[in-house]
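**Q** Build the full structure now, drawing on both the sequences and the hints.
Okay, here's what each chain looks like letter by letter:
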Amino acid sequence: MSRLGQGLRPLVESLIAGLIGLGVGALIMWAWGYNPWPAYRVLFQESFGSTYGLAGALANATPLILTALAFAIGARAGLFIIGAEGMMYMGALAAVAASLPRLPAGLHPLVSLALAALAGLLWGLIPALLRAFRGVHEVISTIMFNWLAHFLAFYLVANVLVDPVRAEKTISVARTARLPLLLRGTDLSLGIGVAVGCALLAYLWLWHTVSGYEVRAAGANPEAARYAGVAPRATVLGVFAVAGALAGLAGAVEAMGRPPTYAVYSGLTNLAGFGFDGIGVAMIGRNHPLGILPAAVFYGGLQAGARLMQMWAKVPFEVVRAVQGVIVLALALPELLRILRRLGLLRRVRRHA
Amino acid sequence: MTWAYFWSLLSISLHAMVPITLAAVGEVIGESAGLFNIGLEGILLLSAFTGTLGAKAGGPLAGLLAGVATGLAVGFVFGLICAFGKGNQLIAGVGLNLFALGFVAFGLQVLGSPGFHKVPDGSQLPPIRTPVGAFSPLIPLALALPFFVHWLLGRTRVGLRLKAVGENPEAADVAGIPVEWVQLLSTMAGAALAGLAGAYMSVSWLGSVTKEISAGRGFIALATVVFSGLRPLLALAGGLLFGFFESLATWIQSLPGVKEVVPWQFIAMTPYVATLLVVAGVIGRVRFPKALGVPYRRE
Amino acid sequence: MAPFLLRAERLTKVYPDGTVALHGVDLEVRPGEVLGLLGENGAGKTTLTKILSGLLPPTSGRLLTPAGPVRFHSPKDALRLGIGMVHQHFALVGTFTALENVALGLGGMSLPALRERLEALIAETGLHVPLDVPVEQLAVGERQRVEILKVLARNVNLLILDEPTSVLTPVETAELFKFLRALREKGKAVVFITHKLKEALAITDRIVVLRRGRVAGEVETARTSAAELARLMVGAEAGGRGSSVELATETPAVAREARAAAEPALVVEDLRVRADTGELAVRGLSFALYPGEILGIAGVEGNGQTELVEALCGLRPIESGRVLLLGRPVAGRSPLELYRLGLAHIPEDRWKHGLILSFTVMENAIFGLQRERAFRGPGGLLRRRAALAHAARLVRDFQIQAAGLHAPARSLSGGNQQKLIVGRELAKDPKVIVAAQPTRGLDIGAAQFIRELLLKLREEGRAILLVSADLDEVLALADRVAFMYEGAFVGVARPAELTPEAIGLLMGGVKAGAR
Amino acid sequence: GWAGRVALILDVGGRGDLSFNDMGYKGTEEACAAFGWEFVDIQSATSADYLPNIRNAARSRRFDLIICVGFLLADALNAVAPEFPDQKFAIIDAVVPHPNVLSIVFEEQEGSALVGALAGMLAAHYGYPYVGVVLGIEIPVLYHFEGGYRFGIDWGLQKYAQVTGKKADVGLLWVYTGTFSDIAKGKAAAEAQLEQGAVAVYNVAGPLGIGILEAVSAKLAKEGREAGPPFMIGVDANQDWMGDGNKVVASMMKRVDVGCYTAIQMVHEKTFRGGVLSLGLRNKGVAISRYPDLLEFIDFGIKAGVITEADRGRIIENWKAMRAAIPQWIWDAVDELEAKILSGEVVVPKPTTREEMLAVRARYPLVR
Ligand SMILES: Nc1ncnc2c1ncn2[C@@H]1O[C@H](COP(=O)(O)OP(=O)(O)OP(=O)(O)O)[C@@H](O)[C@H]1O
Ligand SMILES: Nc1ncnc2c1ncn2[C@@H]1O[C@H](COP(=O)(O)OP(=O)(O)OP(=O)(O)O)[C@@H](O)[C@H]1O
Ligand SMILES: [Mg+2]
Ligand SMILES: [Mg+2]
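Residue numbers (the working numbering), protein chains in the order written: chain A, 1 to 353; chain B, 1 to 299; chain C, 1 to 515; chain D, 1 to 368.
Please note that the accuracy of each hint is not assured.
What the hints assert, rightly or not - For lysine-lysine, the following BS3-like pairs were computed, each having C-alpha atoms within a straight-line distance of at most 25 angstroms:
#1 K340(D) / K167(D)
#2 K340(D) / K350(D)
#3 K259(B) / K350(D)
#4 K196(C) / K456(C)
#5 K340(D) / K284(D)
#6 K86(B) / K352(C)
#7 K290(B) / K198(C)
#8 K222(D) / K320(D)
#9 K350(D) / K314(A)
#10 K76(C) / K86(B)
#11 K198(C) / K188(C)
#12 K352(C) / K290(B)
#13 K188(C) / K178(C)
#14 K431(C) / K456(C)
#15 K350(D) / K320(D)
#16 K198(C) / K76(C)
#17 K188(C) / K76(C)
#18 K284(D) / K270(D)
#19 K284(D) / K350(D)
#20 K320(D) / K303(D)
#21 K56(B) / K303(D)
Unchecked claim - Heads up, incomplete: computed chain B residues facing chain A, CB under 10 angstroms, no partners named:
#22 W7
#23 N88
#24 L90
#25 F99
#26 V225
#27 F227
#28 G257
#29 L276
No lab work stands behind these hints, which were simulated from the structure alone.
Glycine is no exception: its CB is placed at the ideal position from the N, C-alpha and C atoms.
**A** Written as structure tokens, this is what we have:
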């Protein structure tokens, strides 16, 4: 298989899946008596058609990139970590807590991010240990830990980090610790830089370092990996740590970079869901750090555009979720490859003649 | 606590156990045949929705059937994609959940009262009245089903073939077992049970559907499956354990004077902690079918 | 009665990835014959037989029975017509017992009834297997037997065997042949795939040779010779390799002065190792392996060879006893550490320990070496250029056929997968080499290539432990042969000193000089 | 040809709660019908949508008024309002100090005090040991409800002592479920309270009321009765019509609809000014449900497709019977409390911060 082919394939696949998703979405709207075309026109104009819209798309993409990376790295190592949600909560709260002390403007954001990464990492530690030493399947432990995080966050928001005058939220992140907005009048912050940076690092790690190689080996064939000197436990712990740190950062960029509140709401209404959406994004991005970048922008863009779609086309924004679902569903199908072949986009392998 | 308290706690627990157990046992069937469907949450949501519509149209049984039908339909699509299309099961499942979330919310938006749909009292599944309280007829079903599935998987030729497909589809294929069909049917059966669970929530348990009615129960069911290591009876145990602690948590919270000592958030954690402790302490490593989640290709 | 049981006409098979495995192959299977199917790795034997048995659909061409054309949608259809196949790569459910595995295929019959039927069959064929142990706990050889029983149990009238003997001992092979002849007497047909010319000559009536997906020739066994077959398989253009083929057909005469080296490279003292099942698989083994010698371990599969090798290579805990690699204890060392001490391991199961199928040739080429200076740059960076160079070298030196260094190992023929592993291990410049079934399932060319390599390494003064089910191979290469039986050596001797019947007895577990 | 155009921006709760959000929708819809306005409703998937939603609406410059339903949107509005000085905004449940923002707040504690008093007296009268309340997520607005309720219960028990000369030992069962969406939690919580002998469960969790009502119905069914006690107490909207009219003893109506209607009316009649509009018992912004409300909201229920025209008569009959079964002196007492609050003779605590809430809990522990 030509490298070009390998590089091109997932991209085209995702595009086709995107079209299928939009098609089904149109069908649903049409079935309920909405006219899909104006809806989609607004959707895309407003999400990718203007600087303002694009800024919205990128702002939404920021946390998704990080949670998607958290999942993808686990997947590459053969771990199905769905705990990004909880780790993200912990990261966000740590970032908020980092605003209790006063720190110089330059240093404060760094300290906050570091603390958030640490918090996410620590939150992933117990499931990691359970997996490494008790063989407890990460699916079960991370689901449980998502709920524990959910309630712990509720407690911290309401009792510990609570805003003394506004009990519905935590104290706001200190001005010195906020991630500056890149575009006034939008909610796009420097967080996108953090996210993209992490994606690039993740790519370098997995494909250009020895430990990344070993992680992928452990994921593909643990038995053989052990034989090649890869310590399974260390791998599990390491991967969980990285995933936790990334998810923690996702929470942090949201709390530190999303105007206007720069805080965590009780009910976690400004955080809930990024962890799970991250899984969808990771899949659209084919669990590849560089694939995740466009996937997240697309995904976040749809959500941004949906706001105006409901406003101008009067189509409930929920339909966009359905569209995203169908896209992911379509991506599950390897048959898409066949389509590509017919388009002659993939070079064929001939071993004989 | 008096007996009355006990019975009502029991009743709450049993009602909370049903959806988790049904969905989990269904998933056990599907996974035994090698299909790993993390779309349970989505199925619960969809069938809770269609269940409501069915009940409004034709009464409680129609509602339950609508739920089952929805499960079958979703299972069919999932099986088509994953068994015949050799699709990636995790991706398909995630897609399913996203789709359901959007579709149901959308559906509730455009049908009369957005965000919430009530099942008229007349159309709700009438409970079985006993001196110690009213119980949903699906409770005995949920209690019995795991034993049936246990027998089916462990003692019958059907079970043998099903597990063969999950363990080594090539072997099954070579032995003349139609791998794809077995997988399709088992995942449909599993999804149908999840569909029943969803319909139960709206038609029998809560009497209405909201856009978040499943509230993570699909994932809890998933955890229960992992916890059970694909043993139906353990799945039931898991369902009971979880249902009980979930209800107990709500109970303790409402006891006067407790919240003042322990914040309610920590009480609410008990079911999850309990599950973890059991898994970590008692169950530990579980073995899954070799070909679980791996699409089978002849070529 | 029909002149043929099954006829294939102009079969062509193109795999999804574009590989053309068969071009217009014609084949006829007649009742009452054993048809041999020969060909190098990747010639198309498995593909052809997979089509005959309904597992794969042909891309074009058709199948005929006396009743007319047939189209198989699955093995079920083929089985209905009494066509059954024993696969090269096992098709067993690991967690099921032999009994359950057999039961899978057979509708209707109750387990007890089936048990009787099987016990009868075992008695008849001499293919002994425990019926109630999960097959994943059985040795490769035993599993192969279950495979055969599975098909025989459904009394087929066309039996296809894809490299069945590659894991059987001479004794078992003889038993199997007896049974095949019996089948032939009953007017049933057998298609028999092998890489061993001797076997082909011994059992078949007619031989079809495949080369690169085409029929290279068809001969009456009675009127052919090993040499002719070899030439048909390899083809004229193979030129230089002709000689090596000759070498392979009669066992090569190799000089056998074991060098009297002072220090043994590997010392094993009273070694005990447990199998997965928990019982002792290696029971108090002791031996020493010297630099510049090949110690062969022969014996029926499942007598502890696998456990012995895994223990030596750090893949299995040592129950008791002592293992010294170049003077250093092996116990408690990881495979990586042992490799650093100078050990190379050619694993028995290439897909379990040898390779990562989803990784590229390049990534597999440095597998286990990834932490070496050569490939690990500053800050743990992977030296991709160095890795590529290394992979290219292996592909060149070991004549590995691959669609490029970035092709996934999965896309290589098993033979080429094996070459990749062997190449990688030997490139480690080891002092001690543990080679388990190094040539299993390889075609003559590849096998001979690896055998010569082992001899060369021996000349270079390396110590080689050769565990092989191929007795000819062991006798041809080893300076000393140890016969392993139930976890212990029943005899160690120089091949020259061994008479055929002595070998037979030793394989059977009768101690040398015990008569 | 619209006389005007209004955007209604809802918080993540969204429509379909049959209470808070639906009330905002109802009022806006009615006003638009009355004044010939175009109406665009905008929902928010997450609270990250608040800012963009408000900003998008303002940027379009097409709306004469943008109404933000819920205090959760306060920060976002606070950020956007100055960006668009000549865009008119209104917000429910929060005070956003900008000249172009009309802040509409409610005296929930006043209404909660009334239903609290009612519940307390019911418990005492029917000899139930407890009154109950199921709350959603711990937020300041809910503190108003809890605070007022506690005060009211206490007041009601004293009243009972006055009237009957007997002292009733009644406690309060209260739960913050931490959710405004998982109705199963609402049902379980209510079941637990009812089982321990709560005479009425006050729904302060919007949609969870559905679950609470299920629990009440189940309890009644178990005791083989049609009508309460035990009862549910409705919230925000008038929910008396739910459960056949004889299970919801009364509702603490928070007329968000009135708020929205008023805001639109002000713009329509060019009388709009920024500032705070406080709706309480005084101006019928907060009230305990009465007969006319029932009639109005039966239509609401029919419109929402929850009940049908056919149910109307039965519901009204049941409701009248239910209310009649409760001694008149209790209703009189409720009216008396309302009068005293209006006259300022009684001041109901209005806890907003956590400290204030803890203080109120300490003042009215209501444990048996
Ligand atoms: N599933 C597959 N996908 C792609 N190519 C395949 C597949 N199976 C076989 N091939 C290719 O088809 C050719 C014939 O393979 P086949 O297994 O039939 O050869 P063989 O004669 O069995 O070789 P061996 O002696 O090694 O078993 C080889 O080049 C092989 O790589
Ligand atoms: N997905 C695939 N793509 C390309 N080639 C494949 C694929 N799967 C199997 N093959 C090759 O097809 C052939 C059939 O495989 P099989 O295991 O029957 O024989 P083999 O692998 O050639 O084994 P050996 O070489 O030891 O005889 C092999 O060459 C195998 O490597
Ligand atoms: Mg083959
Ligand atoms: Mg082969």
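**Q** For a C-alpha distance cap of 25 angstroms, please report whether K320(D) and K303(D) respect it.
**A** Answer holds: K320(D) to K303(D) is near 22 angstroms, not above 25 angstroms.
**Q** Is the straight-line distance between the alpha-carbon of K352(C) and that of K290(B) 25 angstroms or less?
**A** holds (14 angstroms)
**Q** Is K284(D) within 25 angstroms of K350(D), Cα to Cα?
**A** holds (18 angstroms)
**Q** Is K86(B) within 25 angstroms of K352(C), Cα to Cα?
**A** Distance of about 23 angstroms is within 25 angstroms: holds.
**Q** Is K290(B) within 25 angstroms of K198(C), Cα to Cα?
**A** Given that 25 angstroms is the threshold and the Cα spacing comes to 38 angstroms, the pair is violated.
**Q** Verify the proposed pairing of K340(D) with K167(D), using a straight-line Cα cut of 25 angstroms.
**A** OK: K340(D) and K167(D) at ~23 angstroms, within 25 angstroms.
**Q** Does K431(C) pair with K456(C) here, judged by a C-alpha cut-off of 25 angstroms?
**A** holds (13 angstroms)
**Q** Under 10 angstroms is the threshold here; is the Cβ of N88(B) close enough to any Cβ of chain A for the hint to stand?
**A** holds (5 angstroms)
**Q** What's the verdict on K198(C) and K76(C), does the C-alpha distance respect the 25 angstroms limit or exceed it?
**A** violated (33 angstroms)
**Q** Check whether the Cα positions of K76(C) and K86(B) lie no farther apart than 25 angstroms.
**A** With Cα atoms ~21 angstroms apart, K76(C) and K86(B) stay inside 25 angstroms; holds.
**Q** Is the straight-line distance between the alpha-carbon of K222(D) and that of K320(D) 25 angstroms or less?
**A** holds (23 angstroms)
**Q** Given the hint that K340(D) pairs with K350(D), does the C-alpha gap stay at or below 25 angstroms?
**A** holds (16 angstroms)
Going through the hint list in order, the structure does not satisfy hints 7, 9, 15, 16, 22 and 28.
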